[in-house]
Amino acid sequence: MSLESGTPTAPGTPGTPGLTETAGRVAPRRFVHRFLGRKVNVLAAGFLFVVTLLALLAPWLAPHDPLTQDIPAAHLPPFSPDHLLGTDILGRDVLSRMLYGARVAGQAALVSVLIGMGLGVIPGAMAGYLGGWYDAVLSRIADTVLSFPPLLLAMAIVGVMGTNLTNAMLAIGLVFAPRFFRVVRSSVISVREETYIEASRSIGTSTAKIIRRHVFPNALSPLIVQISLACGFAILAEASLSYLGLGVNPPDPSWGRMLQEGRESLFYTKWPLVIPGIAIALSVLACNLLGDGVRDSMGDERGHK
Amino acid sequence: MSAVPTASDRLPLLEVEGLEVQFRGSSGWTTVVTDVALRVDHGSVLGLVGESGSGKSVTCASILRLFPAGSGRIAAGRIVFNGTDLTTLGERQLNRVRGRDIGMIFQEPMTSLNPVLTVGEQIAEVVRRHGKVGRQAARARAREVLDLVRIPNAATRMRQYPHEFSGGMRQRVMIAMSLATSPSLLIADEPTTALDVTIQVQILDLLKDLAAELEMGILLVTHDLGVVADMCDDVVVMYGGQVVETGSCAEIFAEPRHPYTADLMRARPSIEGRQELYVIPGRPPTPLEWPGGCRFAARCRHRIEDCEAAPVDLHHLGDDRLSRCIRVSELELGGVR
Amino acid sequence: MLGMILRRLGMIVPMMVIASFLTFSLVLLIPGDPATRIAGESATPEQVEQVARDLGLDKPFLVQYANFVQGAVTGDLGTSYTYNVPVATMLKERLPVTLSLTMVALLFALLLGIPLGVIAGRYAGRLPDRVATGLTTLGLAVPNFALGLLMIQILAVERGMFPATGYRPMSEGLGEWFIRLVLPGLALSMIVAAEIARQLRASIADTLRQDYMRTATAKGLSAPTKLFKHSMRNALMPVVTVLGMQIAYLLGGTAVIEAVFGISGLGDFAVQAVLGRDLPAIQGIILFAVMVTLVMSLIVDISYGYLNPKVRRS
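First to last, the protein sequences are chains A, B and C.
Counted from 1, the first sequence has number 62 at position 62 by this note's numbering; the numbering is strictly sequential.
Counted from 1, the second sequence has number 39 at position 39 by this note's numbering; the numbering is strictly sequential.
Counted from 1, the third sequence has number 241 at position 241 by this note's numbering; the numbering is strictly sequential.
Keep in mind that the hints are not guaranteed to be accurate.
[As the list claims (entries may be wrong)] With a Cα cut of at most 25 Å, we get these calculated DSS-like pairs of lysine-lysine:
(1) C:Lys310 to C:Lys229
(2) B:Lys132 to C:Lys226
(3) B:Lys132 to C:Lys229
[Claimed, not checked] Which stretches of chain B does chain C cover? Using the computed rule of at least three CB atoms under 8 Å from a CB of chain C, they are:
(4) 16–26
(5) 99–111
[To be verified] Output of the computed footprint for chain C on chain A, the stretches with three or more beta carbons under 8 Å from beta carbons of chain C:
(6) 130–143
(7) 147–161
(8) 182–192
(9) 230–239
(10) 244–254
If you're looking for bench data, these hints aren't it; they were derived computationally from the structure.
Remember, it's a predicted structure, so these values are computed and weren't measured experimentally.
Cβ atoms here follow ideal geometry from the backbone N, Cα and C, with glycine treated the same way.
Between the sequences and the hints, there should be enough to build the whole structure, so can you do that?
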């Protein structure tokens, strides 16, 4: 559940560039070359692409209705005829439930990250660009929100708003907001001081254009890193909330709910627990690796992993 | 070391021969220092001179093998210290020489001390490491050497951390640390480069006094010929990873026998002379740019065609006097004294 | 040092005020009329009115907030609806359980994370680093509650090596207390252990490049002395700074882990409060958690100051 990307350095190091300090400007082509040069990055990106595709096509790919029960056929092991990943305690097809669960996971990641960005990016850019009391107040608020244990905060929000997937995504998005705020703010600050900004301002370039031409490209890579990490966290958080019964309501399939239901099958078989567990782990892993890959390809040659 | 001269005292303290050092680059090993020879006698000061990038610091680091793991290696040559070839020693055996028989101080006094350990502890630990001494005795020794390098209030300063010392004071601490085990050789790699001019003078005076007082040999790396004139008995001049001239301090200043040495002297600001400062044109080649012939040829005022034809060997010009110049016998190069 | 502590306090107090305001503002997120929502669909108008009066929902928002803060400062966080007990009493009752779990998890995190980080940093780029880094990357991705479930099944149910679930207070014996916290502690510690290892790897590799390490080599110090005395003391400092943040994660993570292991601590209280729409309990728990986190980060900052002579002496 790591959302922190900057790395404090040991004392005695004169200004080691961390992610939060330098936005690391690498020519896009060089970045792509470096990024694709590492097999892990390609694998992670490929995996996420496939999962997204499976999630989108779930209604067409799923061999069974994910909700149809068939009690006599409960607890079938994987590779059973007609049930590639077996069945759960109620005889529902695990593969179909996994595919629909991927939709939920993807949706949770997408919506919560969009909410987090919507709440964090613009105020962060303004705080970095304007500075002064505006920055001071917003930064203090962001720091405070960061002190709330993330999962507990999400639970509290769901608790007051009502337990369903939409509210869970909203809650996770709220947790992300200060993190996006910080990332954008620091990369805007790092370019604000650059001379070429001064220069374009002096020749009368509009603020909007400066932001589009100079600030945005600089903030992009750290933002992508944060988005990847946030997606991973969102998948974990959705699973946690659904496991606790605070996210997706039964009988709808979600990887977290499937873990909860898999627990009841444990007496007979571990598969209904292991399969969603692996799916969550791999998805989060891919998101984290993607984030690491982007960060390492960004410019810091010494690229601390 | 006994006060009475013995047979072993007449052997050189340190003798380096045919040293070749390589660093690992992105495409395999690159040679950065070739065919270096130098000698430090008991109680004498050898100056190792050259511009930055000439290979002086690498030569120094290779004596105690201070390369970051896997990044540097000694490809050829011998480093004989007190009769033992250090290149044949394993890491453990070398650790008994490091800090005990050979002390070393570096260019960067600001970063060479560990920021989280007290100065007293950093000195005492080297004493405890190399001698069978207790904590108390080691601390007493630390205080003693802090007094020796003339740090006031040694007892209080012992308990302080490096950041509480100024640059000059930190270099004194480094010197104290390297002297704590009474080594017979001190390697000082540009010990005053990072310091203010007035502090430089103090530190050099201190080193000179200590060398005489403790009868240890010093290998002093510098790019400042003034320092050499002031401190050294003998001089080795390096350029492009090679030794280009060797001789006693008096000889070299009176009559340099390599154009590079002569140029270095002309490039030195003198207090008496009012003539304009000479600047050697260009910059030293990096190891990847080394030419096949004389490595200084591109910047030399006395270059002839033959200079660039083939590698130049060291010419023996009598007693410990060497020059790596093919025109050594015909050139009249002016000295400063 | 004292100046540093005062400065940190000066930063934390406003954060506490903001935190309490945000916590109280949760009430604004309730869709529709809060009193009706809290009292439930089937409540009579009288009951709804009772709830509104109990919670002071009929008063202006800022007055409500002032009352909330006044209560919180005096240790009155209202009464939990689900348990019908003062929230503060519940917190006091549940705290030792969660504190035990968090401390055991922190212990495991340090025991696992520090060696992994040291190995990875010491052998950066080589095989031991790859193995250690692979493990930490995995540790950050595997959902800890799924791991907990598997551990219960395999180590407790099938092998009988540990009790499957439950908690015993320390007063019933240290062994009884500890053995029940091993599995939940391990599951909870995974992510923090991985974070510590990653941070330590970076900072060890960083210290090994420093000039003072070359000095240590020139002094002829042994490899362990160089690593543990000269490198580690510097490298641990950045680790300490991330530890404060990690304590917040541990505290939040207890909710799921307590549910998995059937432990009735703060996390379980939080889940029950959320399921029961228990607003005073939700607010009380979250306020408590954020205060604990802020105090922890203050303690971490002070200990950082203690570790770093530059801060301590100025």
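Count residues of the region 182–192 of chain A with a Cβ under 8 Å from any Cβ of chain C, then say if the count reaches three.
That given contact is violated, which follows from only 0 residues of the region 182–192 of chain A lying within Cβ reach (below 8 Å) of chain C.
Please check whether the region 230–239 of chain A has three or more residues whose CB lies within less than 8 Å of a CB on chain C.
Since 3 is at least three, the answer is holds.
For the region 244–254 of chain A, count the residues whose Cβ lies under 8 Å from any Cβ of chain C; is that count three or more?
Since 3 is at least three, the answer is holds.
If you draw a straight line from the CA of B:Lys132 to the CA of C:Lys229, is it 25 Å or shorter?
holds, 20 Å
So is the region 99–111 of chain B in contact with chain C by the C-beta rule, three or more residues under 8 Å, or is the coverage claim wrong?
holds (count 7)
Given coverage of the region 16–26 of chain B by chain C, checked by CB-CB distance under 8 Å (3 or more)
With 0 residues closer than 8 Å to chain C, the region 16–26 of chain B misses the three-residue bar; violated.
Proposed proximity, C:Lys226 with B:Lys132 (alpha carbon, max 25 Å):
holds, 20 Å
Mind taking a look at whether chain C covers the region 130–143 of chain A? Criterion is 3 or more residues with CB to CB distance under 8 Å.
holds (count 3)
If you draw a straight line from the CA of C:Lys310 to the CA of C:Lys229, is it 25 Å or shorter?
holds, 18 Å
For the region 147–161 of chain A, do three or more residues have a beta carbon lying closer than 8 Å to a beta carbon of chain C?
Contact hint for the region 147–161 of chain A vs chain C: holds, 14 residues under 8 Å.
Checked against the numbered hints above, the structure breaks hints 4 and 8 and satisfies the rest.
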